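Undergrad: One-letter residues, chain by chain:
2 protein chains.
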Amino acid sequence: MWLQDAYAMEQEAETMLKAMAGRLEHYPELRARIQAHVEETRQQSSQLETCIARLDGSVPAARGMLADAMAAMHAAGNSMMSDEVAKGVGISYAFEHMEIASYRALVIAAREAGHEDIAAVCSRLLAEGEAMAQWLLEHHESVILAFLARETTEGVTAKR
Amino acid sequence: MWLQDAYAMEQEAETMLKAMAGRLEHYPELRARIQAHVEETRQQSSQLETCIARLDGSVPAARGMLADAMAAMHAAGNSMMSDEVAKGVGISYAFEHMEIASYRALVIAAREAGHEDIAAVCSRLLAEGEAMAQWLLEHHESVILAFLARETTEGVTAKR
Numbered sequence: 118m119w120l121q122d123a124y125a126m127e128q129e130a131e132t133m134l135k136a137m138a139g140r141l142e143h144y145p146e147l148r149a150r151i152q153a154h155v156e157e158t159r160q161q162s163s164q165l166e167t168c169i170a171r172l173d174g175s176v177p178a179a180r181g182m183l184a185d186a187m188a189a190m191h192a193a194g195n196s197m198m199s200d201e202v203a204k205g206v207g208i209s210y211a212f213e214h215m216e217i218a219s220y221r222a223l224v225i226a227a228r229e230a231g232h233e234d235i236a237a238v239c240s241r242l243l244a245e246g247e248a249m250a251q252w253l254l255e256h257h258e259s260v261i262l263a264f265l266a267r268e269t270t271e272g273v274t275a276k277r
Numbered sequence: 118m119w120l121q122d123a124y125a126m127e128q129e130a131e132t133m134l135k136a137m138a139g140r141l142e143h144y145p146e147l148r149a150r151i152q153a154h155v156e157e158t159r160q161q162s163s164q165l166e167t168c169i170a171r172l173d174g175s176v177p178a179a180r181g182m183l184a185d186a187m188a189a190m191h192a193a194g195n196s197m198m199s200d201e202v203a204k205g206v207g208i209s210y211a212f213e214h215m216e217i218a219s220y221r222a223l224v225i226a227a228r229e230a231g232h233e234d235i236a237a238v239c240s241r242l243l244a245e246g247e248a249m250a251q252w253l254l255e256h257h258e259s260v261i262l263a264f265l266a267r268e269t270t271e272g273v274t275a276k277r
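Residue numbers (my numbering), protein chains in the order written: chain A, 118 to 277; chain B, 118 to 277.
For the record, the hints were derived by calculation from the structure and aren't laboratory data. No experiment lies behind these values; they were computed from the predicted model shown. Any given hint could be a false lead.
Reference listing, derived: stretches of chain A covered by chain B, where coverage requires no fewer than 3 residues with Cβ under 8 Å from a Cβ of chain B [said to hold, decoys possible]:
1. 205-211
2. 219-226
3. 261-267
Not the full set, but computed from the structure, chain A residues with beta-carbon under 10 Å of chain B [as the list claims (entries may be wrong)]:
4. W119
5. M215
6. E229
7. A230
8. A250
9. L253
10. H257
11. E258
From the three backbone atoms N, C-alpha and C, an ideal C-beta is built for every residue, glycine too.
Please construct the entire structure, taking both the sequences and the accompanying hints into account.
TA: Laid out in C-alpha cells, this is it:
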C-alpha cells in the first residue's frame, strides 16, 4: 500500500508550505492560501495516520520511493525558496499534482482491496489537493504579473 | 528570464523520460506515449535554444533554481524508476505540471517584455505539456489497475 508514502508526502508538504508562507511577505493573498493549506495538510496527515493504524500490520514498514522523491522535491523547494515566488508557485503546483496522482492511485487501490472507508478518506484528500491546484492555477497570472512589476520597480523586493 | 531554466528542465525531462521508456516493458501503450513525448521534448529543447539565441546577451548566464529543482526531481525519478510504474506516472504527472507552470509564466513574461514571437513558442510548448498531462490523467486508472493485477499474479513483474 502507498498510505505511508502519502503520509511522508504530507509531512514534506507541511514543512515546505510553512517555509514558503513564512517568507512570502509581499504576496499576502498567496501567503494566506498557503497558510490555510498548511492547516489542511496537518489534518490530512492525521487522517492518513488513522488509515494506517486501521490497516495495522498490513502496511509495509519500508518507506517507499515516493517518500524519497518527496524529500528531493522538498530540498529543491528549500533552495528555490531563496529565489523567486514565481518558482515557488511552480513547484507547489507540481507538488499538488504529485499528491493528486498519489491519492487517485490510493482510491483505486483501496477500492480494489475492499477498503471503502480508506477510499473515502483518500477521495476527500484528493479533492483538497485538486482545490489547492486549482487555486494556484487561477492566481498564477496575477502572482507572475505582481512579481514582474515588483522586479522592475527600484527599491522593492520582488522575490518574496 | 526563465528560458534557460526551461531549457534545463527539458534536458532533465528527456533524460528521465528516456530512462522510463526503456524500462516499461509490460506497459506498451504508456511506453509508446512516453517515447513520442521524448521526441516532442527534443524539439522543445531546440525551439528554446532558438529563443535563447534570439535574445542573445539579455539572457542571464546563471542556471536558475528551477534547474536545481529539476535535477532533484530527475534524481528522484531515477530512484523511483527501480520501483513501480505507478510512481513513475505520478512523478511524470507532477513534472508535466512543473513544465506547465513554467511555460505559463514564460508566456506572461515574454508578452510583458514585448517578445510576442517567444510568447508564441512558449504557448505551443505549454499546449504540448498540457496534452501530455491530460494523456497521463486519462490513462492513470488503467495503469494503476494493470499494476495491481500484475502484482497479485504469480510469476509476472508488475513494477515495469
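Undergrad: Checking against the hints above, which ones are violated?
TA: Going through the list in order, the structure violates no hint and respects every one.
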